[in-house]
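Given these sequences and hints, build the entire structure.
Taken in order, these protein sequences are the chains called E and S.
Note that the first sequence covers residues 1 to 185 in the UniProt record's numbering.
Note that the second sequence covers residues 1 to 185 in the UniProt record's numbering.
Among these hints, one or two may not hold up.
Given that identical chains are not distinguished, each listed pair holds provided it fits within a single copy or across any two copies.
[Unchecked claim] Mimicking BS3-like on lysine-lysine, the simulated pairs with C-alpha atoms at most 30 Å apart in a straight line are:
| id | residue 1 | residue 2 |
| --- | --- | --- |
| 1 | Lys156 | Lys102 |
| 2 | Lys102 | Lys131 |
| 3 | Lys80 | Lys131 |
| 4 | Lys124 | Lys71 |
| 5 | Lys80 | Lys102 |
| 6 | Lys80 | Lys156 |
| 7 | Lys156 | Lys131 |
| 8 | Lys2 | Lys62 |
| 9 | Lys131 | Lys62 |
| 10 | Lys62 | Lys156 |
| 11 | Lys80 | Lys2 |
| 12 | Lys124 | Lys62 |
| 13 | Lys156 | Lys71 |
In case anyone wonders, no lab produced these hints; they're calculated from the structure.
2 protein chains.
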Amino acid sequence: MKMTPLITSAVMHFGEMGSRWGFNRTVGQILALIVLNEEPISAQEISDALNISRGNTSMGLKELQSWRLVKQHLVPGERKEFFIPAGDIWTLANRVFEERRKREIDPTMSLLRDLLLDAPANEKEANAQHKLNEIHDLLESITAWSQELQNLGPEKLNTLMKLGSGVGRMLELKDKLLPGKNSVN
Amino acid sequence: MKMTPLITSAVMHFGEMGSRWGFNRTVGQILALIVLNEEPISAQEISDALNISRGNTSMGLKELQSWRLVKQHLVPGERKEFFIPAGDIWTLANRVFEERRKREIDPTMSLLRDLLLDAPANEKEANAQHKLNEIHDLLESITAWSQELQNLGPEKLNTLMKLGSGVGRMLELKDKLLPGKNSVN
DNA sequence: CAGAAGTTTCAGAAATTACTGAAAGTTTAT
DNA sequence: ATAAACTTTCAGTAATTTCTGAAACTTCTG
Chain E
1 MKMTPLITSA VMHFGEMGSR WGFNRTVGQI LALIVLNEEP ISAQEISDAL NISRGNTSMG
61 LKELQSWRLV KQHLVPGERK EFFIPAGDIW TLANRVFEER RKREIDPTMS LLRDLLLDAP
121 ANEKEANAQH KLNEIHDLLE SITAWSQELQ NLGPEKLNTL MKLGSGVGRM LELKDKLLPG
181 KNSVN
Chain S
1 MKMTPLITSA VMHFGEMGSR WGFNRTVGQI LALIVLNEEP ISAQEISDAL NISRGNTSMG
61 LKELQSWRLV KQHLVPGERK EFFIPAGDIW TLANRVFEER RKREIDPTMS LLRDLLLDAP
121 ANEKEANAQH KLNEIHDLLE SITAWSQELQ NLGPEKLNTL MKLGSGVGRM LELKDKLLPG
181 KNSVN
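Structural data, given as structure tokens:
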């Protein structure tokens, strides 16, 4: 499993970016390597290619599986386990969004719901609660929205994206076509 | 600047979540405090309320300003500098998206563009380049899309979000209404 | 201009996070 | 049941990130 210069650059970059995407350097590198390699690749090969310990590789693969970005692939006749991407690029991107939503939004939603249950103790708290409520609603919208996008599936999502600034025009159109439904507040 | 229990819980939580949102614990806490406090608040008050050093506060505020989430507010007659949120919740959320896009997507786009310029050295590289190209196109779509959403502004964005699963139906509708324009590929 | 009131910087300390490698665990084959 | 081939775990170490606080800087005020 010798990495070509192109693959090396890409893998290193995904390592650097990894931490910004929610995982650490080696996890990012492992992911890139698995995605860019057409053949299934073994844990040992990963360790060798990236010069990291076997233990680290094992942990990294575990994490990537928990993100559902990578899956095992059993090669008949082989004892070792091999790894391949858990789907095409679109699927992987969706998984990243979904997992991040779980980690970045859901816990906050849950806390906000709790904090909004208590009656405000004073003026100051009432104001803060109002702000927290705004945040809650925003996060709820984002969540609903992102789930909606996932349900659309790649093709329609693509249509929508390609539509670009047409979306705004379409919305106006819609208000005329479907009056009364889903009204704006 | 005594924090009420409610505000304390919220501030602490935003601190914990901070790192997932792209900044560190104290930066998250400072942001929450500024947002939840109706009055402008001074750097010293922030240090006291959060029990962090004056230096750390200074750095945190600098970072929040670089994210354009917080701005200075000069109180006439006061020597000190006060801080307030740089806009309403919607604005802040947009800023976070935008900044994260800059940090999480743009650098990768740039690298991918470069890597795609070189001719592939062999079969393996050609395959990898194809994958990289898919990733590039996806990121490009996401970028275009998120910019589009920002241009829509809060109200329309809200309409769109409230529309929920209606979006799918609307897309079909659109194809009938505007045939030939923005065709699907 | 001296000094008071405030802010920023940055070297080093503290806290956190990631990595290694050896030991323990698992599975398959004989 | 033993051993070979492989994987996982985890205690300790290494690397990175964050925080402190003292010194340097900047503005205002008298």
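Against the structure, the hints come out as follows:
1. In this homomeric assembly, Lys156 and Lys102 come within 30 Å of each other (Cα to Cα) both inside a single copy, at 24 Å, and across copies, at 26 Å.
2. Proximity of Lys102 to Lys131 under the C-alpha cut-off of 30 Å is found in both arrangements, the shortest distances being 22 Å within a copy and 27 Å between copies.
3. Taking the shortest Cα distances, Lys80 and Lys131 sit within 30 Å of each other only across copies (26 Å), while inside one copy they are farther apart (54 Å).
4. In the homo-oligomer, the alpha carbons of Lys124 and Lys71 lie at most 30 Å apart only across protomers (21 Å), although the nearest pairing inside one protomer, at 51 Å, exceeds that limit.
5. Proximity of Lys80 to Lys102 under the C-alpha cut-off of 30 Å is found in neither arrangement, the shortest distances being 32 Å within a copy and 40 Å between copies.
6. Proximity of Lys80 and Lys156 under a CA criterion of 30 Å is satisfied in neither setting, with 39 Å inside one chain copy and 53 Å between copies.
7. Taking the closest pair of Cα atoms, Lys156 and Lys131 come within 30 Å of each other only across two copies (21 Å); inside a single copy the shortest separation is 35 Å, beyond that limit.
8. Within a single copy, Lys2 and Lys62 get their C-alpha atoms as close as 23 Å, which meets the 30 Å cut-off; across copies the closest is 44 Å, which misses it.
9. In this homomeric assembly, Lys131 and Lys62 come within 30 Å of each other (Cα to Cα) only across copies, at 23 Å, whereas the closest approach inside a single copy is 39 Å.
10. With identical chains, the CA atoms of Lys62 and Lys156 are never at most 30 Å apart, being 32 Å at best within one copy and 41 Å at best between copies.
11. Taking the shortest alpha-carbon separations for Lys80 and Lys2, only the intra-copy value of 19 Å comes in at or below 30 Å, while the best inter-copy value is 60 Å.
12. In the homo-oligomer, the alpha carbons of Lys124 and Lys62 lie at most 30 Å apart only across protomers (26 Å), although the nearest pairing inside one protomer, at 46 Å, exceeds that limit.
13. Only within a single protomer do Lys156 and Lys71 lie at most 30 Å apart by alpha-carbon distance; the minimum there is 26 Å, versus 40 Å between protomers.
Of the hints listed earlier, those the structure fails to meet are numbers 5, 6 and 10, in rising order.
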